[in-house]
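**Q** What follows is the residue order along each chain.
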Amino acid sequence: NAGVIQTPRHKVTGKGQEATLWCEPISGHSAVFWYRQTIVQGLEFLTYFRNQAPIDDSGMPKERFSAQMPNQSHSTLKIQSTQPQDSAVYLCASSLRTGGNTGQLYFGEGSKLTVL
Amino acid sequence: QQKVQQSPESLIVPEGAMTSLNCTFSDSASQYFAWYRQHSGKAPKALMSIFSNGEKEEGRFTIHLNKASLHFSLHIRDSQPSDSALYLCAVDTNKVVFGTGTRLQVLP
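In the order they appear, the protein sequences are chains A and B. In case it helps, our numbering puts the first sequence at residues 1 to 116. In case it helps, our numbering puts the second sequence at residues 1001 to 1108.
No lab work stands behind these hints, which were simulated from the structure alone. It is possible that some hints are incorrect.
[To be verified] Not the full set, but computed from the structure, chain B residues with beta-carbon under 8 Å of chain A: (1) Gly1059; (2) Phe1061; (3) Asp1092; (4) Gly1101.
[As the list claims (entries may be wrong)] When the alpha-carbon atoms are kept at most 20 Å apart in a straight line, the in silico DMTMM-like pairs for lysine to aspartate or glutamate are as follows: (5) A:Lys15 with A:Glu109; (6) B:Lys1003 with A:Glu109; (7) B:Lys1003 with A:Glu44; (8) A:Lys11 with A:Glu109; (9) A:Lys78 with A:Asp57; (10) A:Lys15 with A:Asp56; (11) B:Lys1042 with A:Asp57; (12) B:Lys1095 with A:Glu44; (13) B:Lys1045 with A:Glu44; (14) B:Lys1045 with A:Glu63; (15) B:Lys1045 with A:Asp86; (16) B:Lys1095 with A:Glu18; (17) B:Lys1056 with B:Glu1009; (18) B:Lys1042 with A:Asp56; (19) B:Lys1045 with B:Asp1027; (20) A:Lys11 with A:Glu24; (21) B:Lys1056 with A:Asp86; (22) B:Lys1042 with A:Glu24.
Quick caveat, the model's predicted, so the values are computed rather than measured. Glycine included, every Cβ here is placed at the ideal spot set by N, Cα and C.
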């Protein structure tokens, strides 16, 4: 099992450009999470899918961020009109989610976004 | 809105010491509590988890949960330099919310 795969590992964009980050969860995992990690804010929840359906996007900055999960094998996080404050490591995680709890999260290595 | 806070922010201990990390949460309906460890430049990895009040021990690590106090903790016995990392507590109430972390340095 390859684990959670995130691409690209590093992305540099100019202010105002678009960035798309990809995540391939572990096969058979029903829950997919996106987080953003910075030194100042720590690990912030962005959004969450269960069985491909969006469940909670309360952490997403509404205007420029969007996430999709078109099939079981991948999810995307798109940031339009990137700003310097969007610079962070974006982490994707998946879990089996049996019963009422999420269970153990398995994280990818992250996509480091730098906005110049 | 679930709030999860950790203390201390950072900690330096000598090799062989007992280390204690703390986590408080705000939602009493929370069901699942976990600790993750993140070495520099790496992804967070799950260490231990607990569902019900009490203690759970795995090797040198012990997790203690007190739901009434909205508090859980991680204790590391015989701390090793390889334990140096960022420790993140996590609380699950439908979504998993993390604390801001405790940075631990164990000096040889």
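**Q** Would the hint linking lysine 1045 of chain B and glutamate 44 of chain A be met if the CA-CA limit is 20 Å?
**A** Holds, because 16 Å separates the two Cα atoms, which is no more than 20 Å.
**Q** Can we keep the glycine 1101 of chain B interface hint, with Cβ of chain A closer than 8 Å?
**A** 6 Å, holds
**Q** Given the hinted pair lysine 1003 of chain B and glutamate 109 of chain A, is their Cα-Cα distance within 20 Å?
**A** 25 Å, violated
**Q** Can you confirm whether the C-alpha distance between lysine 1045 of chain B and aspartate 1027 of chain B stays at or below 20 Å?
**A** Since the Cα atoms of lysine 1045 of chain B and aspartate 1027 of chain B sit roughly 24 Å apart, the hinted pair is violated (cutoff 20 Å).
**Q** Are lysine 1056 of chain B and glutamate 1009 of chain B close enough, with their CA atoms no more than 20 Å apart?
**A** 24 Å, violated
**Q** If you draw a straight line from the CA of lysine 1045 of chain B to the CA of aspartate 86 of chain A, is it 20 Å or shorter?
**A** 24 Å, violated
**Q** Take a quick look at whether lysine 1056 of chain B and aspartate 86 of chain A sit within 20 Å of each other, Cα to Cα.
**A** With a Cα-Cα distance of about 39 Å, the restraint between lysine 1056 of chain B and aspartate 86 of chain A is violated, given a limit of 20 Å.
**Q** Would the hint on phenylalanine 1061 of chain B be counted as holding, given a Cβ-Cβ threshold of 8 Å to chain A?
**A** Nearest chain A Cβ about 15 Å off; hint violated.
**Q** Holds or violated: glycine 1059 of chain B as interface residue toward chain A, Cβ cutoff 8 Å?
**A** At 17 Å from the nearest chain A Cβ, glycine 1059 of chain B fails the 8 Å test, so the hint is violated.
**Q** Is the straight-line distance between the alpha-carbon of lysine 1003 of chain B and that of glutamate 44 of chain A 20 Å or less?
**A** It holds: about 11 Å lies between the C-alpha atoms, which stays within 20 Å.
**Q** Given the hint that lysine 15 of chain A pairs with glutamate 109 of chain A, does the C-alpha gap stay at or below 20 Å?
**A** 24 Å, violated
**Q** Taken at face value, is the distance from the CA of glutamate 44 of chain A to the CA of lysine 1095 of chain B at most 20 Å?
**A** 12 Å, holds
Violated hints, in rising order: 1, 2, 5, 6, 10, 11, 14, 15, 16, 17, 18, 19, 21; the structure is consistent with all others.
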